[in-house]
Structures are given as structure tokens and as C-alpha cells.
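Undergrad: Okay, here's what each chain looks like letter by letter:
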Amino acid sequence: MFKKLLFATTASPTCDNAAKVAFDLELKWDAKLFVFHVLGMPTRGFSQYITDSRTGETDQIDPDYIEWVKEEMKNTYGELLKDSENSELEAVIGMPHREILRKARKENVDMIIMGAHTREEDVGATRYRSIAGSTMQKVAKAARCPVVIISRPCTTCWKLFSNIVVGVDFSKAADYAFLWAYKLAKEVGAKLHVFHALDVNYGSAGQVKSQVEIENLLAAANEKIKTRHLKKIKNFDNYAVEIWEGIPYVEILKYSRKVNGDLIVMAHHTREIDPEEALLGSTVEQVVLRASCPVASVNHPDKVADVID
Amino acid sequence: MAEGKLCNKKTVDKIEQLNELLSDKSGKQYYEEMNYLDVDDKALWATMQKTLKSRLKTWLEICSHCGLCAESCFYYLANDRDPKQVPSYKIQDTLGQLLKRKGKVDNEFMQYCMDTAFAKCTCCTRCGVYCPFGIDTGIMFSYLRGLLFSQGFTPWEMKIGSGMHRIFRAQMDVTTEDWTETCEWMAEEYEDDWPGLKIPIDVQDADILYTVNAREPKHYPEDLAEAAILFHIAGENWTVPSEGWEETSLAMFAGDWAACKMQVESVYDAMKRLNPKRMVVTECGHAYRATVIEGPYWAGLKTGQTPIPSFHYVEWVAEALRTGKLKIDPAKKIKEPVTYQDSCNYIRNAGLKDVAREIMSYIAEDFREMSPCKEHNFCCGGGGGLNGIGRYRPQRNVGLKVKRDQILQTGAKLVIAPCHNCWDAIRDLEEVYDIGIRWSFLKPLLISMVEVPEHLQPKDE
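Those protein sequence lines, which keep their order, are chains A and B. So the first sequence is residues 1 to 309, counted in my numbering. So the second sequence is residues 1001 to 1461, counted in my numbering.
One chain only, chain A, in its complex shape (with noise of 0.2 angstroms):
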């Protein structure tokens, strides 16, 4: 499932919980594992100048510079590197999202594996307007594999998993979502628990939703499920389904800390939204921050063509 991973690194030690899973899933895996750091934004006009994503700084670049920071890069990371296999280690100039994407495109990796860098940590995101928001969201959205983003310790390891909560939103790509999500979990045994929020978030809306109003929504929901995703599911049946009503981030962190979840998996398909407005309106990005698991973005069919019908 996984032959080719790219960690798509700041270098930093925001990185460094993301840095442990993408080390292990190479090892546990057999995967070749890209590490991969964009160490510099370059300017609009023309100009040798370079930001420096760590430091913020101006600087101009030449071969030795991009040497320099990938030795550093060696240091960060020589304890895993000691036991890695197959690993490859690379620094290069651009916008962030934009690099990283270009190297999954190039490789065509399996999973991007990300830490979930804050935007204060996002040097020049404020600076470069027509492509603010974080590189992570960006990431997210495009990638036509599944992005995996780790901000807290993660202490199980992927082979180990026995928990896999999915969140669905009846939209296409939560299709995918689910497709993988059962790919996942039934490639190691784990349990796959399907889970879907119904949003009462009645504020915008202006009103409030009777009970039975609710409860049909949940019956439709329940029904939805069934014939969407649970159709789909073959020689399998180590999994569950439930549907809460509520903020759809608030009750899929809820429901993951019951079930004890290993990984929420989850689409990320904001449209139409101020990329600015959608950093703080995301589902997504709000699960990521919160959660004490890993949480896995999948938008796109590309990584699940074999469980399709």
C-alpha cells in the first residue's frame, strides 16, 4: 500500500513527531522515503534572492548553501537516519505547497507525510498574498494522494493500528476518503468505524431544528451510509457506524478519543472560501490541531483506483 512515501519537512522541531511515524511506516513498509524540505521562498520579479523558510531571512542562494542545509538536515535527523533503509534526502527553492506538490506529482508517492505547522510558523505566507493561507491546507487539498498530518506524538505504529475513524460528508471526495480508509484497515486488521457529523451549527441559519427535524436527518444519514459506503465493503466486517449530531470537528474528536482512534481519516474539499476565512472554517484543519492521533486528508480517487467498483 505504501512503496513510496514523501515527508515533506520543515526542518524544524515542529516536524519532528511527523519525522518518527515517516521513518518508521519506511522501515515497516519497505518504502523509499523522500525527505524533503523547501528551504527558501524565491521573489515574484527577478532575483537571486531567496527567503529563508526557517529564519525569515534574505539571503542569495548558490550549490553550497542548498549542501549546507541538507548536511543540517542529516544532522536533525541522524538518529532515524541511522536505521533507515531507504531514504533520500532533499532541499530545494520554491513556494512550499507548490514544491511539495510538485515532488509527489514527480514521484508519484503513495502518502505525503506532514507536521501540522501552525501559520505564525508559515514564514512569508503573510508576505505572499495571492497564495496565503498555510502550506498545509494547500497541500491538503491538491494532492492527489493522501496527506497525513501528525501534530502530537504518535505512539502506535501504523502496522499496529486498531482503530480507523472515517468521517463522512456524503461528498465525493469523502468517497475516497472512505475507499482508503477501508483499504487501510482491512490491510492491518484494524477496526474501521465510519462516522458522520450532523452539523446543528444553527447560527448561521438563523434557526432552531426540532428534535424530530434531527432525528429524520439521522435516519436519512444512517440510510445515506448504507448505500454509499457500506456497499462498497467486501469480505470485510470488523467495522461500526455512527452518526452524532453537533459540530461536525467537535464530535469526530470526541468520537475518536471513545473509540480510541488510531487515525481519523477525513476529505478536505472547501471551495469558493477565502482561503484566509477557510483556515479558520475548516473541519480539517481544526481536527488536525486538536487531535491527539494522526489525521489523514484524501480528496482524490488516484490512490484508491483498486477498491473502486
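Hints were generated in silico from the structure; no laboratory data involved. Computed from a predicted structure; not experimentally measured. Take these hints with a grain of salt, some might be off.
Here are the computed lysine-lysine pairs in the DSSO-like style, where the Cα-Cα straight-line distance is at most 30 angstroms [stated by the list, open to error]:
#1 B:Lys1014 x A:Lys4
#2 A:Lys138 x B:Lys1014
#3 A:Lys74 x B:Lys1218
#4 A:Lys70 x B:Lys1025
#5 A:Lys138 x B:Lys1333
#6 B:Lys1218 x A:Lys32
#7 A:Lys183 x B:Lys1014
#8 B:Lys1332 x A:Lys138
#9 A:Lys138 x B:Lys1198
#10 B:Lys1302 x A:Lys226
#11 B:Lys1218 x A:Lys138
#12 A:Lys172 x B:Lys1413
#13 A:Lys183 x A:Lys209
#14 A:Lys3 x B:Lys1218
#15 B:Lys1025 x A:Lys74
#16 B:Lys1014 x A:Lys70
#17 A:Lys103 x B:Lys1014
#18 B:Lys1459 x A:Lys209
#19 B:Lys1014 x A:Lys231
#20 A:Lys138 x B:Lys1459
#21 A:Lys191 x A:Lys254
#22 A:Lys172 x B:Lys1332
#23 B:Lys1198 x A:Lys172
#24 B:Lys1327 x A:Lys138
#25 A:Lys103 x B:Lys1198
#26 B:Lys1459 x A:Lys234
Following the hints, put chain B in place on chain A, whose structure we already have.
TA: Just chain B now, with coordinates in the frame of chain A:
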């Protein structure tokens, strides 16, 4: 003749030469070597005799030192009205001296000329508007840059830039394969949100041939996707060429005339090969000037025109809004005060001032002109290649003050800058002076405001 390994009179035509230059961080060795570079005064004088023609000679001759150009120069204003920053002084003391001395000058003088031609003039041509004789010092400095280049006296980044054009026919190392691959990639990345979105490559007889700035495929391919989205919404029959897609010309800034010709001919070849009705170039100022205004002369086209009619992006946008191909949702118009940066390269060189105002009338509720504006507007401060030259960063940062004050005066916090260089200079001035502004190209703003026809909207299940 003393020639450096990196700094010499040779042009950069091989990738190995280019890599050597790039390895020399900030051009340290390059500028060291420049101190020992001999001036071939015979060759210099021979070039001048062949190329310094009556127009420039007359200009140098008839300048009456009246000083009316002084106040027109943003460098003069930004440097406390230093008399050494008066355009006529600057050109008489460099090109004028070269002519008087018949090219018999030394290394020190050539470096002085280079420092003046690149760090005291962005070739914005504003002074030409104010000279009673119509003397255009910016044009003369462009010419001087050419003489300097032929003798190896050009800033490190300019040597690299011209080499890029010679090797890649682009200002950056983007190959044909990289380019076409990026087009496919962007169409793929955005097709979910824009069903049916395509970036058609090498389509014959299209209505529009779209060309770009190599920065876009190299670092900001979103820009290409945004162009595609707007053409898609407008229902245009458009294409990009697989070769001849790069409009910019660092060779023009450098004064590498031979490379200028090579670059524009690659674009003209694409025009002839694909036979489109017209060409539209991305939001880049100098690209338009190089390919549309100056290019035909470099390529020796007798008409002085590009092989097919050519338009800047702002012209296409104004037309699309005027004809209703793009409709702005009134509720989404820009409400906050917004100002517009006129790029010298298509304002003074091509008179595209009215289309810019037309665009603003459709998209902004509180449009505020800079003062002065239109053909009287000041350079952003980073034109003529200056943004890119490390050696002259301090001088450029001083020059940015004029644009800073112009923007502050409008009270607007959003600056629309449909030019890569202006965009960058304005971003940098925010970084240097921290005045709390934002800046943008037109494309992302238009996408956020435009009405999307029902049949082009993504179908959610």
C-alpha cells in the same frame, strides 16, 4: 587582454558556464575579476560608431542642461535632490564622456558607468516626458547598458539572466518539457473546481495565443491556472505554444542585444507556426515592452509590429469586462480603498492608461489614483532589472521611498500591480518600510469577483 574566468566579454551560451556563475554566491568572484577586466577601447569605439546613431548623438548634443528633468526622476527625489542624480548629468557624465573620449576609457570609468546605468536609472523613461526637447535618458541608458555588456561590465545577475535566455529561451531554467508538463499539471490540479478546464498546447488557429513570464511555470504555476480559469469562464478559444512561450527579456535589461533577438524570435516563430488571431501576454510589464514594443526592431521586422496583433493582459481584461465575457458580481466588488500601480513598461511605452481605469471602474467601489499617475506615474523602484541585482539593493531601497509615499498618500491598503517587477518592488517596500499594505495581481482578484456561469460550476452530489 585580461579576462576573468567568470567576468569577461564572452556571452554565456553553455550550461556549464551558467552553473559556474550561479555557484559564485552573490557574484563575489565575478566582481573581483571585474576589477582587472581590460577595456577593449578599439572594439568599444567601433561598436559606438556603428550603433550610436543620429538620434542619440543629437540628444547628447542638444541637451541644454536646463534641469527640467531633475524633478521628474524618482532617484533625484529619493536622494534629497542630489545634483548627481539629475538625469541629464547622469547620462552626460557616462555615455556623453564615452563619446567625447572616443571610447578611450579605463576600467574604473566603465564600472562607474555600470553603477550609474543600473543603480541610478531604471530606464523608466519618465524624464523623457518632461524634457522640452523630448530627450529620453532612459533609452540612452538602455543603449549604454548594451555597450557595457559588450565589454563585460554588467552586473552578475544580468550576466546570468542573459545566459538563461541564450540557453533556455527563458529567463529561468525551464525546459520545453517542464513547461508543457506544468500546463498539464495545473489543468489537472484545478479541474475538480473548474470542470472542463484545459490548458491547450499548440492548438492551430486559436483566437488567443497566451504567453507568460518564466517565473510562473517555475515558481508560481497558480498564475497560469488562474489565467486558464479566466479564459475558461470567458469562453475563449486559446492556446499556449510549447516553444516560444516566454515573453520576458532579462537580456533587454542586461543590454545583450543578440540574446534579445533570439528571445523574441522564439515567440514570433510560435506566432507564425500556430497562426493565432492575436497574442495576449501575462501581467508582466517588461515582457510586453520587450516582445511587443522593442522586439520587432530587434528582429528586424520592417513594420515595427509583431507578426500578429499583440495585447497586454490588462487590455484583454478590459475587453472581457466591456463585452460581458467576464461579469463582475456587484456584491463582490472591492469595497475598501484600492489603488493601481501603472507599470512604466506599458504606460509610457504603450499608452495603456485608459484600459487600466476601465478595469478599475468595473471591479472597485473606491478606486484611488496615485498622484501623479498614468504616463506621469513613478517607477515602482525595482524596474530595469534593479529588483534582481544584489550589488544595488541599498540604492534600490532608497528609491522605493517615492512609491511608498505615493501609496500612503492614497490611503489605500490594497495595491493592484499587474506587473511582476512592480509586484515584487511593492512587496519589498512593505518589507523594508512596513506601511501595512497588501498587493495583488488582477487574476486572483478577478476570480474572486467574477460570476461563474451555471454550466461551468462544479456539480456537487
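Undergrad: Work down the list of hints and note, for each, if the structure agrees.
TA: Going through the hints against the structure:
1. Between Lys1014 of chain B and Lys4 of chain A the alpha-carbon distance is near 35 angstroms, which puts this suggested pair outside the 30 angstroms criterion.
2. A distance of roughly 37 angstroms separates the Cα atoms of Lys138 of chain A and Lys1014 of chain B; the hinted pair therefore is violated under the 30 angstroms criterion.
3. Using a Cα cut-off of 30 angstroms, the hinted pair Lys74 of chain A and Lys1218 of chain B holds, with the two alpha carbons roughly 27 angstroms apart.
4. Between Lys70 of chain A and Lys1025 of chain B the alpha-carbon distance is near 17 angstroms, which keeps this suggested pair within the 30 angstroms criterion.
5. With a C-alpha separation of about 25 angstroms, the suggested pair Lys138 of chain A and Lys1333 of chain B falls inside the 30 angstroms cut-off, and the hint holds.
6. This hinted pair checks out: Lys1218 of chain B and Lys32 of chain A have alpha carbons roughly 26 angstroms apart, not beyond 30 angstroms.
7. The hinted pair formed by Lys183 of chain A and Lys1014 of chain B fails the criterion: a straight-line CA distance of about 51 angstroms is larger than 30 angstroms.
8. Restraint check for Lys1332 of chain B and Lys138 of chain A: the C-alpha separation of about 24 angstroms stays at or below 30 angstroms, so the hint holds.
9. A hinted pair counts as satisfied when its Cα atoms are at most 30 angstroms apart, and Lys138 of chain A with Lys1198 of chain B qualifies at roughly 21 angstroms.
10. With a C-alpha separation of about 73 angstroms, the suggested pairing of Lys1302 of chain B with Lys226 of chain A is violated against the 30 angstroms cut-off.
11. For a cut-off of 30 angstroms, the pair hint linking Lys1218 of chain B to Lys138 of chain A stands: about 18 angstroms separates their Cα positions.
12. Between Lys172 of chain A and Lys1413 of chain B the alpha-carbon distance is near 39 angstroms, which puts this suggested pair outside the 30 angstroms criterion.
13. Simply put, Lys183 of chain A and Lys209 of chain A have alpha-carbon atoms about 36 angstroms apart, too far for the 30 angstroms limit, and the pair is violated.
14. Using a Cα cut-off of 30 angstroms, the hinted pair Lys3 of chain A and Lys1218 of chain B holds, with the two alpha carbons roughly 28 angstroms apart.
15. Our distance criterion of 30 angstroms between C-alpha atoms is met by Lys1025 of chain B and Lys74 of chain A, whose separation comes to about 23 angstroms.
16. Distance check on the hinted pair: Lys1014 of chain B and Lys70 of chain A sit about 28 angstroms apart at the alpha-carbon level, within 30 angstroms; holds.
17. Annotation: proposed proximity of Lys103 of chain A to Lys1014 of chain B holds, straight-line Cα distance about 27 angstroms (limit 30 angstroms).
18. A threshold of 30 angstroms between alpha carbons decides the hint, and for Lys1459 of chain B with Lys209 of chain A the separation of about 27 angstroms falls inside it, so the pair holds.
19. Distance check on the hinted pair: Lys1014 of chain B and Lys231 of chain A sit about 61 angstroms apart at the alpha-carbon level, beyond 30 angstroms; violated.
20. Between Lys138 of chain A and Lys1459 of chain B the CA atoms are separated by roughly 21 angstroms; this keeps the pair inside 30 angstroms, and the hint holds.
21. The straight-line distance between the Cα atoms of Lys191 of chain A and Lys254 of chain A is roughly 17 angstroms, inside the 30 angstroms bound, and the hint therefore holds.
22. For the hint pairing Lys172 of chain A with Lys1332 of chain B, the CA-to-CA distance comes to about 28 angstroms; that is within 30 angstroms, so the pair holds.
23. Using a Cα cut-off of 30 angstroms, the hinted pair Lys1198 of chain B and Lys172 of chain A holds, with the two alpha carbons roughly 21 angstroms apart.
24. Restraint check for Lys1327 of chain B and Lys138 of chain A: satisfied, since their Cα atoms lie roughly 28 angstroms apart, inside the 30 angstroms limit.
25. For the hint linking Lys103 of chain A to Lys1198 of chain B, the alpha-carbon distance of about 22 angstroms falls within 30 angstroms, and the restraint holds.
26. At roughly 29 angstroms between alpha-carbon atoms, Lys1459 of chain B and Lys234 of chain A fall within 30 angstroms of each other, so this suggested pair holds.
Going down the numbered hints, you'll see the structure goes against 1, 2, 7, 10, 12, 13, 19, while the others check out.
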